[in-house]
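Q: Spelled out from the first residue to the last, the chains are:
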Amino acid sequence: MKTEHCRNRRESLGAYALGHLSAEERAGLEAHLEGCPGCRAEVDSLAGVALLLAHGNPANFGPAPKPSPELGKRIEATIGAERRSNRRRVRRRRFALALSGATAVAAVVLTVVVLSGDGEGVPQQRVEFAALPAGVDMAATLEPHAYGTEIHMYVSGMRSGTLCRVFLRGANGATVPAGTFRYRWGDDSRAVLSSALDLSRTEAIGVRAGGRTFFAPVDRGAAATDNRTEEDPT
Amino acid sequence: MQSGALTGERDVREAYAAHSGELYGFAMRSLGDSGLAEEAVQETFLRAWRAGDRFDPQIGSLRTWLFAILRNVVIDLGRARAARPRVAEGGIEPSVEPLEEALLAWQVEEAMRRIGEDHRRVLVETHYRGRPYAEVAEELGVPEGTVKSRVYYGLRALRVVLEEMGYED
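Those sequence lines, one after another, are chains Y and S.
The numbers in my numbering rise by one with no breaks, and the one at position 7 of the first sequence is 7.
Count along the second sequence from 1, add 1000, and you get the number used in my numbering.
These are computed hints drawn from the structure, not numbers from a lab.
Where is the CB? At the ideal position from N, CA and C, for every residue including glycine.
Be careful, since some hints might not be right.
[Stated by the list, open to error] Listed next, the in silico DMTMM-like pairs over lysine to aspartate or glutamate satisfying Cα-Cα at most 20 angstroms (straight line): (1) K66/Y with E1014/S; (2) K73/Y with E1022/S; (3) K73/Y with E1043/S; (4) K66/Y with E1139/S; (5) K66/Y with E1043/S; (6) K73/Y with E1009/S; (7) K66/Y with E76/Y; (8) K73/Y with E1039/S.
[Claimed, not checked] Just the calculated beta-carbon pair ranges, DEER-fashion: (9) G62/Y with G1130/S: 48 to 56 angstroms; (10) A1018/S with N86/Y: 21 to 29 angstroms; (11) S160/Y with R1063/S: 35 to 43 angstroms; (12) R184/Y with E1100/S: 48 to 56 angstroms.
[Unchecked claim] Partial list, computed: chain S residues near chain Y (C-beta under 7 angstroms): (13) Y1016; (14) Y1024; (15) M1028; (16) Q1042; (17) F1045; (18) K1148; (19) L1158.
Could you build the full structure based on these sequences and the hints that come with them?
A: Structural data, given as structure tokens:
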């Protein structure tokens, strides 16, 4: 009996909270509220929302305006472009390049050191990559073998974890991979790699690292001294 | 990088799908110009992406964070616009109310859009237009008690929707 009575009252609570009831209705309801904690709590929970209504403008209750369908794509494109330019900037900063790529290759200084053989009686040669980013050192020793060329890479000063891809470029311009290694900071690593290209046919050694490629020319004459049996392809 | 951070392009796409409508609605309401509103939304997602690793879902929802960014963007755009007045398009008046008020108003209006048509209708007629319940009941062809109960349930629905949108008493 009491709950039925309460439910009827309760449905007036919205009108009450919004101040829509006549003085008479209001007095009747307030008498009920006095003795009904449940309805009082309900009024309290609606009071805040009832006050908020004044902030809305019914002229704006219609369907929400929508952005043009291309907006999402435009945002993605903008973010994509910024991401790419960030990557380039980070790369540039990381290597602190003083020279542009073209100049870097042109400015490579070659140091050929004919070392004594390592037991096989064949000459090795050491090449150095000049025009490297500040703080980076990179050199290689190339050693002819029957299977091709053994390469000892010496690297320091790169960002730790940088992947280096090494290849030899033949006199005919073709490149033959020599493998990859990862430079680890503090390791000042030497990596031993090999390529199937014969040293006597090798014109240059290339290292691709951090989005840049560095070359050091190889003196074929030095390597070819003991490889005269090999027919010169030129 | 914590999970939930807005750092990948896919995160941005998902966030855009979930929140761009609301953000645009608010930007449109406060700037009154569809071009400026789109600019504001674009700038909001761009700033969110740039600061994406600073977003911490433990602290607040993505939606709240995006609205906070948009709020700043709207202030910046408003300043820029003050220097070069533009004509509003589509007959929508540029809002001149302070931003906090605009955000509150937009939330109430958005909540109104989300409740049922029956509930919205009686709230508009009785509250905003101040019409007597009997008159509204007759127009709708329902008993007066029904109008009263719809006002009650409409108000409750509004409360639930506003709470979903982050409103607290």
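Q: A separate judgement is required for each hint: does it hold in the structure or not?
A: Now the hints, each set against the structure:
1. About 17 angstroms separates the Cα atoms of K66/Y and E1014/S, which keeps this hinted pair within 20 angstroms; it holds.
2. Restraint check for K73/Y and E1022/S: the C-alpha separation of about 18 angstroms stays at or below 20 angstroms, so the hint holds.
3. With a CA separation close to 13 angstroms, the supplied pair K73/Y and E1043/S stays within the 20 angstroms bound.
4. Of the pairs offered as hints, the one joining K66/Y and E1139/S is violated, with about 32 angstroms between alpha carbons and a cut-off of 20 angstroms exceeded.
5. A hinted pair counts as satisfied when its Cα atoms are at most 20 angstroms apart, and K66/Y with E1043/S qualifies at roughly 17 angstroms.
6. The suggested pairing of K73/Y with E1009/S holds, with an alpha-carbon distance near 11 angstroms, which does not exceed 20 angstroms.
7. For the hint pairing K66/Y with E76/Y, the CA-to-CA distance comes to about 18 angstroms; that is within 20 angstroms, so the pair holds.
8. Our distance criterion of 20 angstroms between C-alpha atoms is met by K73/Y and E1039/S, whose separation comes to about 13 angstroms.
9. Distance hint check for G62/Y and G1130/S: the Cβ-Cβ separation is about 20 angstroms, which falls outside the suggested range of 48 to 56 angstroms.
10. One distance hint, 21 to 29 angstroms for the beta-carbon pair A1018/S and N86/Y, holds here, with the actual separation near 25 angstroms.
11. Separated by about 39 angstroms at the C-beta atoms, S160/Y and R1063/S satisfy the suggested range of 35 to 43 angstroms.
12. At roughly 54 angstroms, the beta carbons of R184/Y and E1100/S sit within the given window of 48 to 56 angstroms.
13. Evaluation of the Y1016/S hint against chain Y yields a held restraint, the C-beta minimum of about 5 angstroms falling below 7 angstroms.
14. A cut of 7 angstroms between beta carbons decides the hint on Y1024/S: the least distance to chain Y is about 4 angstroms, and the hint holds.
15. The beta carbon of M1028/S comes within 5 angstroms of a beta carbon in chain Y, closer than 7 angstroms, and the hint placing it at the interface holds.
16. A cut of 7 angstroms between beta carbons decides the hint on Q1042/S: the least distance to chain Y is about 5 angstroms, and the hint holds.
17. Here the hint on F1045/S is kept, as its CB sits about 5 angstroms from the closest CB of chain Y, short of 7 angstroms.
18. A least Cβ separation of about 6 angstroms between K1148/S and chain Y falls short of the 7 angstroms threshold, and the interface hint therefore holds.
19. At its closest, the beta carbon of L1158/S sits 5 angstroms from a beta carbon of chain Y; the interface hint therefore holds under the 7 angstroms criterion.
The structure fails hints 4, 9 (numbered hints given earlier, in ascending order).
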